[in-house]
Amino acid sequence: MYGPTAKSARLTAALAVTAVLALGATACSGTTKDSANKAAGPAAATGKADPNKAIKKGLTVAFLPKQVNNPYFTTSDGGGKKALEQLGSTYKEVGTSSGTDTSGQVSYVNTLTQQQVDAIAVSAQDPGALCTALKQAMKNGVSVVTYDSDTQTGCRQAFVSQASAEDLGRTQIQLLAKQIGGKGEIAILSAAQTATNQNTWIDFMKDELKKPEYKDIKLVKTAYGDDDAQKSFQQTQGLLQEHPGLKGIVSPTTVGIKAAAQYLSGSKYRGKVKLTGLGTPNDMRAYVKNGTVEAFELWDPAKLGALAAHTAVALESGRITGAEGETFTAGDLGSFTIGKDGVVLLGKPTVFDKANIDQFKF
Amino acid sequence: MTVTADPVRQQPAPPPDASRRLVDRVFKARELAVALVLVLILGATQLSNTEFLSEQGVKDLLLNATILVLVATGQAVVVITRNVDLSVGSVLGISAFAAGIHLRDGGSPLVAVLLAVGLGALFGVLNGALVSLGKVPALVVTLGTLYIVRGIDSIWVGSRQITADALPAGFVDFGHDGIWVLPYLALLATAVLAGVAYYLRSYHSGRDLYALGSSPEAARLAGIPVRARIMTAYVLCGALAGLAGALYLARFGNVDSATGNGYELTVVSAVVVGGVAFTGGSGTVYGAALGALLLTSINSVLPAIGVSSVWVTAINGFLLLLAIAADRILALRVAAALRKKAARTRSARHA
Amino acid sequence: MPDATTTTMAPAVRPPALARLGGAVRWDTAVGVLLLTLLVCSFSFVDNFGNALNLSFLIGNTLPIALIALPMTLLVVSGEVDLSVGSTAGLSGAVMGALWNAGMTIEAIIPLCLLLGVVCGLINGLLVTRLGLPSLAVTIGTMAAYRGIAQIVLGSDSVTDFPTQYLDFGSGRIGDTFVPYAAVPFTVLLAVAVVVLHATPTGRSLFATGAGEEAARFSGIRVKRLKLSMFVTTGLISALTGVFWALHYASARYDNATGLELSVIAAVLLGGIDFDGGKGTLGGAVAGVLLLGTLQNVMSLTNVSAQSQIVVTGVLLVISVLAPRVGRQVSEARARRRTRAAVVPPSPRTS
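Chains as they are written, first to last, in the numbering used here: chain A, 199 to 560; chain B, 134 to 484; chain C, 58 to 408.
Bear in mind the hints are in silico, worked out from the structure with no lab data behind them. Hints may contain errors.
To be verified - Taking beta-carbon pairs under 8 Å as the criterion, some of the chain A residues facing chain B (in silico): (1) Asn267; (2) Pro269; (3) Lys456; (4) Gln460; (5) Ser465.
Claimed, not checked - Computed spacing ranges between beta-carbons, pair by pair: (6) C/Ala159 <-> A/Thr525: 39 to 47 Å; (7) B/Gly176 <-> A/Lys280: 14 to 22 Å; (8) C/Thr359 <-> A/Asn338: 15 to 23 Å.
All residues carry an ideal CB built from backbone N, CA and C; glycine is no exception.
The task is simple: from the sequences and hints, build the whole structure.
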């Protein structure tokens, strides 16, 4: 009962062929991944750093978090704001309301370039997508610092890292190993598959597990909850069903650990399956107190934001350029040295448990 | 919505008794098919993983489905009238936060739930008014209110969030406790579902919704108060989204400005998979509930048998396509069967 | 811009007075005027708006929406809709990334991606035209399915190392002017689309099909084939947009262009393209796209928060569908009153 599709098929084929020809004609020789030049040079440190230059005042530093209205970023940007006020500069915050709106973040970088702010502190949603825009910003004289989540090294002058990825990955395994008595099956509940941070930490976790003292611990699965409460919930359930002998879960994301804790605390697994990872004290207080979670860790986001602010101002004042080995002071945070690839390390993460959690309010 | 205006055309005029039974049977078959698929999937999973249907497992399946079932029930009522409500995710989010704020400030859980339901109903009134008074395509209007409500929610909520320790323990326990494997939330959802189903089946105004969806013009000419009925559907849908918001709070113990973002697509999928056609006038809320149960079960089945979660989106999409294709083929078959029967009756009469 | 709508499509039943009134409040003209006003105000009052760099940003960010809006307009005019465009773009970007990682040449990859878009469009079109399914439901299904496949194809990768000359094409601009390179092919496509829709028999067939499919078929238009080719074109352009997106943002990920369909539809509707089909101009659609893009740019420059921007988008969307209809209703009511007044002399009570 259906008519012949020969004609439309021909039309389609014609369209496709035209497209192929048009594009084929644009280039004589093919470009592949191997022949393309790798544009991942080191941060372009132009000019000389003079650590004794005066700190400029009256600068405008814009914070561009992965997501506005995200409590974690609100805390860290709040730290940045306080630091900037002490330095006599102006703070502003812009950003997308979704954590995966890469194009939105790019257009915010462009807008900030337009508004001629003095420096941008950005937590990148994607390591590559922001590059063009950030390079353009630097070309227009804007200092660019990444914090929390980095871009490719060539697209910013310095990266303020919450703690070294290695420390974070390894300490989370150490925490969990202690809780489960060094023996049994464990699993990881991560955020999105594309999350750069998470993936680096997970690689270090796997590396840590290769050490002989963890020979009785077996990582059975890495699940992805996409930083969505419901999905993380169901992924946790799935982990427990697929691996009934599961002893512990590591969730290196604040959304994931919260969802997993909420599920565990309302199920028969409470207290039997250990949970640790990265969470904020406010989120986790209830679960630490009811025995679902023994201990978890995080850096202080406010300090992270403050350090990003100090780094941005130091860059803009010409005290540093982002080259390895340069040293600068960041107010009451102390003195910091820029490491390889322009990375500034905040320090070791803090471990929170029943004993100390009430001292932290973020 | 024109896009949906086409297929119902071959709906026959008031069918005689015999054919009505046929239609009834076919549509029951449609729901049975979803139920069958559900049972097969769950059974197969249980075979490969004996932990799946344990007491905790069944409880989790039911709890996971509860919130989607509620929203899908409301959505089904709207879709039956040949409209759609895309703002449900945003409404769920804002009502959940409203309930959370009330509880955090020491309010009573009952008032918090009522507050959420009321707020949801209020947005339902807004949607209903825009759709029925403006005679504007529901898809577009509710897409607009999706943005508006989400925006208001983000401005109001800001970076605040409601966490589990701000909620009374009783309320959170209500979110996961139950009688044996039956969680309280699931019992509540079932009661609501049965109530709505009874209304649609046995009340005059409930039947009107089907008439309206089958042929809005005919319904108007038959004297059905079109605007009032559309309003009823949207208010019901909004109120249920609000209720779902309150239950979300109890279940997840955590609400922020992104809660419920993108939920509308899951809801619409559940409704369509459950046999409520976009073209209006057909399907039942039980079907929608089964669809919701099926979709959430798939989300639980895949991790339980160790399939990577990257497959979930694709599988949901294919399921949706399969469902609408099956509906269409079924509808064509029914129409053909009815025509044949009508022809036979006619020739018998003439003989 | 040629304007086929009111002249060829104005229904004959309308009395002349009414047609004149309808003509006076033509929505796409109104949007055009609104856009011009906004541009003039922004140039004079908004700091940093008028320089070449900002304008190139503005155009570059709006291009993906503008590109897809072209075939979408044609499709909506013919009475169908395609919600899978964002996912098709995402899928084409994901495949591009995966093949690039596999070591293929980019010159071979891009045509393959476009071919993939054609296949995606073909699937949508066949399901709609051959099975007779509502396009809304079909493309919600394929939206999930295509996105799911993209996720399976590329997984967690984010491919960024495309060759520089292509990246420069995707994000660069011609010299120091405000014109991005990519705007040139867009202009060509725009010209083609304008000619096709407003100056060829195909375009007239699209309007006729959208206004009344049955009538169009009886008048010899091959409706199914026409619609199929429109879906295929939409798929092709979506895939092209996906390639452009990956180059413009120098990043191929499975979640590229998520939610693009909503922006496109919002812009097209804002431009006065009627969702019931059979009405609209490409000028209106492009004006709608630019209006939304400019508004967003200006709001960002003047530090309006992202949340408030969402609300503004939503309100605009609702107004854009509500205003023309309310306007029509008012003018109809006025015309009715006038006809009544002409037939029956006004009684003292009414005047």
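Here is how each hint holds up against the structure:
1. At a threshold of 8 Å, the smallest CB-CB gap from A/Asn267 to chain B is about 5 Å, leaving the interface hint in force.
2. For the restraint placing A/Pro269 at the interface with chain B, the shortest Cβ-Cβ distance is roughly 5 Å, inside the 8 Å limit, so the hint holds.
3. At about 6 Å, the closest approach between the beta carbon of A/Lys456 and any beta carbon in chain B falls short of 8 Å, and the interface hint on this residue holds.
4. With 8 Å as the threshold, the beta carbon of A/Gln460 comes within range of chain B, its nearest partner Cβ sitting at about 5 Å, so the hint holds.
5. With its C-beta approaching chain B no nearer than about 6 Å, A/Ser465 sits inside the 8 Å limit, and its interface hint holds.
6. For the pair C/Ala159 and A/Thr525, the supplied restraint of 39 to 47 Å holds, since their beta-carbon distance comes to about 45 Å.
7. In this structure the supplied range 14 to 22 Å is violated for B/Gly176 paired with A/Lys280, their Cβ-Cβ distance being about 59 Å.
8. Separated by about 20 Å at the C-beta atoms, C/Thr359 and A/Asn338 satisfy the suggested range of 15 to 23 Å.
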